[in-house]
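Student: Letter by letter, the chains look like this.
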Amino acid sequence: ILNVEQSPQSLHVQEGDSTNFTCSFPSSNFYALHWYRWETAKSPEALFVMTLNGDEKKKGRISATLNTKEGYSYLYIKGSQPEDSATYLCASLNSQAGTALIFGKGTTLSVSS
Amino acid sequence: DAGVIQSPRHEVTEMGQEVTLRCKPISGHNSLFWYRQTMMRGLELLIYFNNNVPIDDSGMPEDRFSAKMPNASFSTLKIQPSEPRDSAVYFCASSLRPLQGNEKLFFGSGTQLSVL
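Note that the protein sequences, when read in sequence, are chains A and B. With positions in the first sequence counted from 1, the corresponding number in my numbering is that position plus 423. With positions in the second sequence counted from 1, the corresponding number in my numbering is that position plus 2.
Here chain A stands alone, though its shape is the one from the complex (with noise of 0.2 Å):
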């Protein structure tokens, strides 16, 4: 059973602060990892796609790191925004899984003003 697991499940900071999440993954037969920005009412929206070991992306104040060999990735925002909260969702993709994502819960961030 392939299991992606974020944590921590929900976050509420004060607009300025600079947060993290974390995503496990399953490391074996590893593809690659997303990761999807939600926010209330609106679609899904990929941020990221990372698929080496050690990879790093960045998207304005929005970074990702990849540990492919021990499972994780994190997810940084620095100086938070309101219009940052959000689900912030990662998926793994395995070749147990073909090709579909296999999502994680999501981590539920609020960003006060």
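There's no promise every hint is true.
In silico lysine-lysine, DSSO-like type, Cα no more than 27 Å apart, as pairs [claimed, not checked]:
1) Lys480/A <-> Lys106/B
2) Lys481/A <-> Lys106/B
3) Lys106/B <-> Lys528/A
4) Lys70/B <-> Lys80/B
5) Lys26/B <-> Lys465/A
6) Lys528/A <-> Lys80/B
7) Lys482/A <-> Lys106/B
8) Lys501/A <-> Lys70/B
9) Lys482/A <-> Lys70/B
10) Lys26/B <-> Lys528/A
11) Lys482/A <-> Lys492/A
12) Lys528/A <-> Lys481/A
13) Lys70/B <-> Lys465/A
14) Lys106/B <-> Lys492/A
Calculated Cβ distances over 10 Å to all of chain B for the following chain A residues [what the hints assert, rightly or not]:
15) Gly439
16) Ser466
17) Arg484
Calculated from the structure, these hints are not laboratory results. The C-beta atom is built at its ideal place from N, Cα and C for all residues, glycine as well.
Assemble chain B onto chain A, guided by the hints.
Tutor: Then chain B, alone, in the frame of chain A:
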């Protein structure tokens, strides 16, 4: 590009009725996925297609669920008969190619299904 288009946005039906959810993937995308979102289980993969062919339907909960993709621009997810526990948001997503690389998913807006 209009993105992935799902219909209806909301569906309220009574237990025992047939429900059909529809999806139009992004033009040119060759892989299509159906996911179900619930509070308890998060986003669960139900079934996916590559080049209109179902590849893995092991996530389809029961025989009451069926999915088809008659052509590259249309897919349906049918529940017959529907039950209250089927109430969830059903997402369709597509990708340009199978996901074994840097391909990413593009999600539709989802169908909020309520079975009374």
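Student: Each hint: holds or not?
Tutor: Here is what the structure says about each hint:
1. Lys480/A <-> Lys106/B: Distance of about 15 Å is within 27 Å: holds.
2. Lys481/A <-> Lys106/B: 16 Å, holds
3. Lys106/B <-> Lys528/A: Roughly 18 Å separates the two Cα atoms, so the pair holds.
4. Lys70/B <-> Lys80/B: 9 Å, holds
5. Lys26/B <-> Lys465/A: This hinted pair holds, its Cα atoms lying about 17 Å apart.
6. Lys528/A <-> Lys80/B: 25 Å, holds
7. Lys482/A <-> Lys106/B: 16 Å, holds
8. Lys501/A <-> Lys70/B: 44 Å, violated
9. Lys482/A <-> Lys70/B: 37 Å, violated
10. Lys26/B <-> Lys528/A: 26 Å, holds
11. Lys482/A <-> Lys492/A: Roughly 24 Å separates the two Cα atoms, so the pair holds.
12. Lys528/A <-> Lys481/A: 22 Å, holds
13. Lys70/B <-> Lys465/A: 25 Å, holds
14. Lys106/B <-> Lys492/A: OK: Lys106/B and Lys492/A at ~22 Å, within 27 Å.
15. Gly439: 30 Å, holds
16. Ser466: Nearest chain B Cβ is 4 Å from Ser466/A, so the label is violated.
17. Arg484: 20 Å, holds
This entry does not satisfy hints 8, 9, 16, going by the numbered hints stated previously.
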